[in-house]
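Participant: Based on the sequences and whatever the hints tell you, model everything.
Going down the list, the sequences are from chains A and B.
One point on numbering: in the numbering used here, the residue at position 99 of the first sequence is 99, and numbering is uninterrupted.
One point on numbering: in the numbering used here, the residue at position 417 of the second sequence is 417, and numbering is uninterrupted.
Hints listed in this document are in silico derivations from the structure and should not be mistaken for laboratory results.
All residues carry an ideal CB built from backbone N, CA and C; glycine is no exception.
You may find that some hints are simply not true.
Said to hold, decoys possible - Heads up, incomplete: computed chain B residues facing chain A, CB under 10 Å, no partners named:
(1) GLY194
(2) LEU218
(3) TYR219
(4) GLN383
(5) VAL386
(6) LEU390
(7) ARG393
(8) PRO394
(9) GLY399
(10) GLY413
(11) VAL460
Stated by the list, open to error - Covered, in the sense of this in silico footprint (three residues per stretch, anywhere, with C-beta under 8 Å from a C-beta of chain A), are these stretches of chain B:
(12) 169-177
(13) 182-191
(14) 404-410
(15) 429-437
Stated by the list, open to error - Beyond 12 Å from chain A on every Cβ pair, some chain B residues (computed):
(16) LEU5
(17) VAL18
(18) PRO55
(19) ASN81
(20) LEU125
(21) GLN141
(22) TRP253
(23) ALA289
(24) ILE343
(25) SER357
(26) VAL376
(27) GLY423
(28) ARG457
(29) SER485
(30) LEU487
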Amino acid sequence: MTTAEVEQRTRPGELIFGLVLVALGVLALTQVWAIPGAEGWSVSGPRFVPLLVCAAWVVLAVIYTGQAARRMREPREGGFDRTALLLMVTLIGYAYVVIPLGYIISTAVSFVLTARILGSHRLVRDIVVAVLLASAVYFAFTELLSIRLPRGVLPL
Amino acid sequence: MIDLLNGFATVLQPINLVFAALGVTIGTLVGVLPGIGPALTIALLLPITFNFDDPTGAFIMFAGIYYGAMYGGSTTSILLNTPGESASVATAIEGHLMARRGRARAALATSAIGSFVAGLISTVLLAFVAKPIGDLAVKFQAADYFALAVLAMVSVTALLGASLVRGLISLVLGLFLGLVGLDQVTGQTRFTFGAPVLTEGIGITIVIVGLFAIGEVLYVASRVRTGHDTIEPLEKARLRTGYMSREDWSRSWRPWLRGAAIGFPFGALPAGGAEVPTFLSYTFEKRRAERAGRDDFGRGAIEGVAGPEAANNASFSGVLVPLLTLGLPTSATAAVMLAAFQIFNLQPGPQLFQTSSELVWALIASLFVGNVLLLVLNLPLIQIWVKVLLVPRPLLYGGILVLATLGVYSLSGNVLQVFIAYGVGVLGYFMRRHDFPIAPVILGVILGPMMETQLRRALVISDGNFGAIVSRPLTLVILALAVLSLLLPYAPGVLGRLRGRRTEAKKLVFSDED
Chain A
1 MTTAEVEQRT RPGELIFGLV LVALGVLALT QVWAIPGAEG WSVSGPRFVP LLVCAAWVVL
61 AVIYTGQAAR RMREPREGGF DRTALLLMVT LIGYAYVVIP LGYIISTAVS FVLTARILGS
121 HRLVRDIVVA VLLASAVYFA FTELLSIRLP RGVLPL
Chain B
1 MIDLLNGFAT VLQPINLVFA ALGVTIGTLV GVLPGIGPAL TIALLLPITF NFDDPTGAFI
61 MFAGIYYGAM YGGSTTSILL NTPGESASVA TAIEGHLMAR RGRARAALAT SAIGSFVAGL
121 ISTVLLAFVA KPIGDLAVKF QAADYFALAV LAMVSVTALL GASLVRGLIS LVLGLFLGLV
181 GLDQVTGQTR FTFGAPVLTE GIGITIVIVG LFAIGEVLYV ASRVRTGHDT IEPLEKARLR
241 TGYMSREDWS RSWRPWLRGA AIGFPFGALP AGGAEVPTFL SYTFEKRRAE RAGRDDFGRG
301 AIEGVAGPEA ANNASFSGVL VPLLTLGLPT SATAAVMLAA FQIFNLQPGP QLFQTSSELV
361 WALIASLFVG NVLLLVLNLP LIQIWVKVLL VPRPLLYGGI LVLATLGVYS LSGNVLQVFI
421 AYGVGVLGYF MRRHDFPIAP VILGVILGPM METQLRRALV ISDGNFGAIV SRPLTLVILA
481 LAVLSLLLPY APGVLGRLRG RRTEAKKLVF SDED
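Facilitator: Here is the structure:
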């Protein structure tokens with residue numbers, strides 16, 4: 001699911017989703033051949049069920065795409081993928097920095113960003129909540145549940 | 001009976017009572033948040049229970065969380081008309097109308113007491129039914145388990161969602177996710193695309209958190225700015241007017257019993273889940289009121305809350321029957337519970353009553369205790385839960401993302417798993433956007449590997465001969481039922497009408513969490 005694709009699918013989104021499903025299904029189907037197996041295609045071997053599942057995937061996705069192409073109706077609510085896209089970018093960035101920066105800082109920052117993306121305009125409140133939430137979760141998990149969370153740059 | 005008493009002895013230890021109370025409170029707290037159903041609540045809270053050394057405490061807490069989440073969900077449906085799962089949709093219809101007429105308290109009370117009554121009745125039924133079915137299930141062979149898994153997956157897929165093709169695609173995607181990783185029989189890697197992180201497979205909790213928590217937030221996020229779904233909490237003053245009057249009691253108790261009677265057997269069917277029984281109960285109560293010449297359905301009839309809520313609660317005990325006796329989860333929530341069993345290296349199924357009899361009976365006893373605690377805690381605390389509804393949505397969804405990420409990370413200790421969860425979340429977002437049901441994915445991931453293993457075991461026994469498998473009468477009957485359930489939604493009749501009502505209600509936004 002790339003950026004370009006997310007932006008494209010504002011209008012005929014259903015059709016594109018269908019085509020993506022077909023493409024992914026075909027990709028999965030080709031991977032069935034990559035399963036090593038001394039038994040080859042034996043019905044009780046490791047390839048048989050994957051073959052059925054992937055074949056069913058491709059067939060169903062083709063049917064779905066066909067239905068979508070015939071309908072080609074306007075999407076119910078178009079053009080709001082930007083929010084979801086921004087959220088996704090924030091989350092991925094979060095996962096990248098959480099180890100180097102540490103749990104509290106990265107969580108607080110991404111929480112503020114998330115709230116902003118979701119339409120909050122009260123920056124101070126968001127920051128207060130973010131710092132409290134991130135610290136509370138950090139200490140609850142590390143101290144009470146003894147689950148290690150990334151400490152990062154803070155001298156804790 | 002002795003077993004059950006022993007179960008109570010376990011649960012009534014002070015520490016376990018604390019776990020139960022904690023579970024009910026946390027469950028209600030999270031479940032009351034708009035758009036969050038029991039399945040998501042349990043998935044979010046699953047990591048907490050992993051830190052228990054003793055599965056008994058974890059499951060007692062789990063039962064509490066589930067009941068709390070279910071009750072919290074009906075609170076939200078009644079007060080805000082935003083059901084967090086399809087099982088609450090029926091409740092929301094009359095319940096919200098009652099709330100708008102200033103009878104929110106009565107609606108909340110009838111749903112809490114109704115859940116309590118139905119929960120007690122259905123747990124008694126569970127206690128009596130579970131052991132015999134477990135004994136019967138010992139005779140099941142690999143082929144029968146294969147057929148049962150097919151039946152559960154197919155019937156849930158066919159009964160949920162608007163289109164069969166979409167439902168089946170969801171199912172296939174779930175089956176595929178379940179295939180990734182090491183083959184359970186031969187140990188070959190499958191669909192790992194050369195990535196070592198995929199070798200251990202995609203964990204069920206990652207799929208659940210990804211689809212429910214992350215996918216849900218992304219989807220809601222994309223609609224927040226469109227002005228849909230604006231939530232206007234009811235004024236507090238309206239909540240102050242009145243608990244249940246004597247008339248409310250006399251109008252409620254029969255729907256409670258009827259709801260329990262409908263909920264338990266429907267929950268126990270392989271097509272499980274709570275949406276069918278709750279809507280059946282709603283339709284039934286409405287029809288009765290019409291026949292009695294009353295016209296208050298559509299204006300906030302208490303029967304329309306009492307019946308579906310009782311059915312909802314009773315169906316959960318029903319769902320536990322196939323889960324505990326056959327290891328067959330038939331709803332998303334049951335699937336999460338199965339995941340929890342597996343984390344403690346327990347395999348639900350016929351042997352569970354022999355190998356972990358103490359745990360099972362403690363779980364059943366904890367359902368009773370959970371019900372009691374729910375009633376004791378929730379009726380007086382409703383004012384607090386209402387406050388939770390006022391959390392601003394950006395903070396709420398930001399918080400869910402933080403907790404979801406935390407849950408995945410603390411489970412695996414691996415950032416790559418977090419990326420996989422995000423990937424699954426994106427998939428979930430697109431599926432929601434295009435009206436694909438989510439529950440079949442979960443069932444596919446959970447039941448797929450079991451179905452494959454049993455099928456291959458059966459095929460090895462029969463020398464690769466499909467005919468030999470299908471010729472077992474029991475297997476054949478179960479497979480025939482699966483085919484039937486695919487055709488059923490197209491048949492006119494009770495079900496057709498049910499589905500008609502569902503679309504009429506138009507509240508299936510977060511429709512298939514359970």
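Participant: Compare the structure with the hints numbered earlier in the document and write down the numbers of the violated ones, lowest to highest.
Facilitator: Numbers 4, 5, 6, 27, 28, in rising order.
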